[in-house]
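Hints are included, so try docking the two chains, each in its own frame, into the full complex.
Take a look at the letters that make up each chain.
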Amino acid sequence: MWKFFHRLASPPHFYRLAATLIPWLMFPGLLLLAWGSYNGLFVAPPDYQQGDAYRIIYVHVPAAYLSMMAYMFMAIGGGIGLIWRMKLAHAVAAAAAPIGAAFTFLALATGSIWGRPMWGTWWEWGDPRLTSELILLFLYFGYMALRSSIDDIAKADKASAVLALVGVVNVVIVHYSVEWWSSLHQGQTILKKGGPAMDPEMLQPLLAMILGFTLIFGALLARRVRTEVLYRERRTRWVRKMVLAPEGGR
Amino acid sequence: MGADIPAQPGILAGLVAITRRDLLLAWKRPGDVLNPLFFFAMVCTLFPLAIGPSPAELMFSGPGVLWVAALLASLLSLNSLFLSDHEDGSLDQWLTSPQPLPVLAIGKTLAHWLISGLPLVLISPLLAMTYRMPAGVILVLIFTLFLGTICLSLLGSIGAALTVGLHRGTALLSLLILPLAMPVLLLGANTVSLAAGNEAYATGIWALAAYAIAALSLAPYATAAALRISNE
Chain A
696 MWKFFHRLAS PPHFYRLAAT LIPWLMFPGL LLLAWGSYNG LFVAPPDYQQ
746 GDAYRIIYVH VPAAYLSMMA YMFMAIGGGI GLIWRMKLAH AVAAAAAPIG
796 AAFTFLALAT GSIWGRPMWG TWWEWGDPRL TSELILLFLY FGYMALRSSI
846 DDIAKADKAS AVLALVGVVN VVIVHYSVEW WSSLHQGQTI LKKGGPAMDP
896 EMLQPLLAMI LGFTLIFGAL LARRVRTEVL YRERRTRWVR KMVLAPEGGR
Chain B
952 MGADIPAQPG ILAGLVAITR RDLLLAWKRP GDVLNPLFFF AMVCTLFPLA
1002 IGPSPAELMF SGPGVLWVAA LLASLLSLNS LFLSDHEDGS LDQWLTSPQP
1052 LPVLAIGKTL AHWLISGLPL VLISPLLAMT YRMPAGVILV LIFTLFLGTI
1102 CLSLLGSIGA ALTVGLHRGT ALLSLLILPL AMPVLLLGAN TVSLAAGNEA
1152 YATGIWALAA YAIAALSLAP YATAAALRIS NE
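From first to last, the protein sequence lines are chains A and B.
Quick note, the working numbering runs 695 ahead of the 1-based positions in the first sequence.
Quick note, the working numbering runs 951 ahead of the 1-based positions in the second sequence.
Since the hints were made in silico from the structure, they are not lab data.
The model shown is predicted, which means the values in this text are computed figures rather than measured ones.
Where hints are given, some of them may not hold.
Quick look at which bits of chain A chain B covers, simulated, 3 or more residues with Cβ under 8 Å [as the list claims (entries may be wrong)]:
no.: 1; stretch: 824–837
no.: 2; stretch: 844–855
no.: 3; stretch: 858–864
no.: 4; stretch: 867–878
To give an idea of the interface, some chain B residues facing chain A are shown, with a C-beta separation under 10 Å as derived from the structure [stated by the list, open to error]:
no.: 5; residue: L1106
no.: 6; residue: L1113
no.: 7; residue: L1123
no.: 8; residue: L1127
no.: 9; residue: M1133
no.: 10; residue: A1158
no.: 11; residue: E1183
Beta carbons: idealized from backbone N, C-alpha and C, even for Gly.
Chain B extracted, bound-state conformation (with noise of 0.2 Å):
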């Protein structure tokens, strides 16, 4: 539509408008990018207290630590995405405009992603330290965490979406999202899991990278759909 209106911005436009409005939000008020990694850390800190710190014992549990601390996470982000342009009337614009809501949806997830899910995986390799993790086997967690993350904003942006502006919103959010995140979990720690075996596990990163492609192309449309009713 962008060809013939030249007043109109085009598709592309409206997606990086949306995903730098939220960079910026998220630049001037940064406890909130912080508060998930500081609970990551601290998760993936609560394991060896509880089993004890064996070498041993670390290196069998650690990936599927931290893939469930990395979930965690995650989730405890989420509940903000869509909250405060529900409480402002954000959303109410972007549902009016003529931009695809869509488009809209994929532009407020990347943000999302960029602001939890990317430092997520970035500050992982130093907690996989601790737990003994050689380095080859470092390089696959960045690896299913990084396709994981993806997943995990996306499927997170459908239950945002269906949730926001319900009072009960948290605890639910939880209750929608775990179940759906389940496969993802079970590849990415599985994955590395095997990778620590030196066992094959090009399966999982494939299978992780279809889930990440298959996710990209559905899950917006859930979430505006979702959008939609909540916002009705």
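Okay, chain A solo, but in the shape it has when bound (with noise of 0.2 Å):
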């Protein structure tokens, strides 16, 4: 068991192993993605409140909640990172931050498209979610933006994993003290969205999609840690063998 974790920590056999796991994940994801929209946007019925537009939620949801695991990744990589010193953490870190930023991106532009038939306007701030997902948004800059001015890769490692972690706490206050404010600001009541129990015709293809989602982001994410490790590797001795081997950097 413990052999498996110290082989993972190494980047050479972490870059082999991640590029057979790609394919895994990403067809598989590409087929839920393929299923799930099919299902969710012309099999499932429209919803009794909202119509047609509530089918957005099929990209809406798996959006909000893949920005939120992005950030864990990012703050649980850069911890584990810190506290073992292990550098595959780091690149882990590294590359979950672009990945978060355009999920939560994607989470605010279909909230922003959806709250214009159902609230009337694109954007309301007194939804409190739509709030705190824009601080994330925020954080996920702020992040990249210290990892970007460090020119040294150990100590902007190091820098931003402190920075995630101190983020992580505040995601949690940002989240109650959101919603304590727009409790105080609600000028017009919210609709539930979706309502409180969903058709399963709503549901499975909701499931699929976050399922295809999160496979992708795994694809997505192994992909990039991949160029992260082979950049930060560049000066050793087995990416110098690989790239200069026949059959190139595979």
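Take a look at the structure:
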């Protein structure tokens, strides 16, 4: 068991493992997305209140969920890297940040598009989730800005790990404070998204989309970590050997 | 460790020494203390000019404006928190000293708060009066700013420690600190607004106090870790 973890932490081993892993994540993910989109957009019945407008949930919810999951990857990766000085964990944290920021943006954009027919406005400050998500996007920007402004990779890893960990504590505070705040200011009643109980015909595609998005996130992350590892290890022998080999970097 | 090695000053002595030193430094260069205050006063002057002098409007926007101005003013002085210590090598001395680094970080932050946070709190009633804030609400404003500036100084010390020695420090520092500071602003400004609207506001004060205590117990460790990282 421990041997597996030690091997996992070795960059060349991970580099090869990720290459075999990516198709196994990517193709089931794409299949689930195709199935989920078809069933979500064409088969599932329209909502009795929101009509067809609710269907954006099939992109919005998975994106919002992954925006937080990527942040956890970043913070836990940073924490592991700080505590056990595992370089690969830092590479995972560095690779997760832009993906997380992209999903956060996607969640915000779809939320805003959804808000237009439902709330009558593109942006509703009264919705606590929208506001928290925006702050999360700023946290991602701060993290990436800090990382890119430190030239020394080892130093950038540690400094951004501290920031990500401080940010995790803060995300919880942001969540509760924004909830308190919006309960003060709520001018209009917000429709409960999807209603309390979902029709199984609506729910199944949603679960498929969430799982599909997660698998694709895994594939993207693995791909980015590979690049990150290759860049960080560019002066080592195994990279040179691999690049100079007749079949190239596979 | 102070008990059995008599030559070693205690933890409290280190804290007091570092705070005293920073206060003395600030005393010798009063401009550093005054500039953020002038900035605070000027931002508070800009808003009535921009939104118009109507008393109703000013009363409505007063808490938010004062709080945003206080947040920006406290950001202004953060950049220099560890900068001169980094440049003249004092920081290296602290890193190698037997004193626990988090305690030294508390000392630095305490001095920073006394220099930049407390004066803001003290002149806020004056500016609040120009926004037609009643006396009871001003009291709430003072109280929230008191707790809030403590939180901001502690949060800011983490950001300052992370960015010390970086070239693009100032803009980066704001980018790091502002999202972290948003809950403080949100709690502070809305508590004052609630008080102005004659509503129950105690929750906000308790939440701010809880934030301040949590920040006081956690932030010095993060600051210390960040100082070690940026100075290696």
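Against the structure, the hints come out as follows:
{"no.": "1", "hint": "824–837", "in the structure": "holds (count 5)"}
{"no.": "2", "hint": "844–855", "in the structure": "holds (count 5)"}
{"no.": "3", "hint": "858–864", "in the structure": "holds (count 5)"}
{"no.": "4", "hint": "867–878", "in the structure": "holds (count 6)"}
{"no.": "5", "hint": "L1106", "in the structure": "holds (8 Å)"}
{"no.": "6", "hint": "L1113", "in the structure": "holds (5 Å)"}
{"no.": "7", "hint": "L1123", "in the structure": "holds (6 Å)"}
{"no.": "8", "hint": "L1127", "in the structure": "holds (4 Å)"}
{"no.": "9", "hint": "M1133", "in the structure": "holds (6 Å)"}
{"no.": "10", "hint": "A1158", "in the structure": "holds (7 Å)"}
{"no.": "11", "hint": "E1183", "in the structure": "holds (7 Å)"}
The structure fails none of the hints (numbered hints given earlier).
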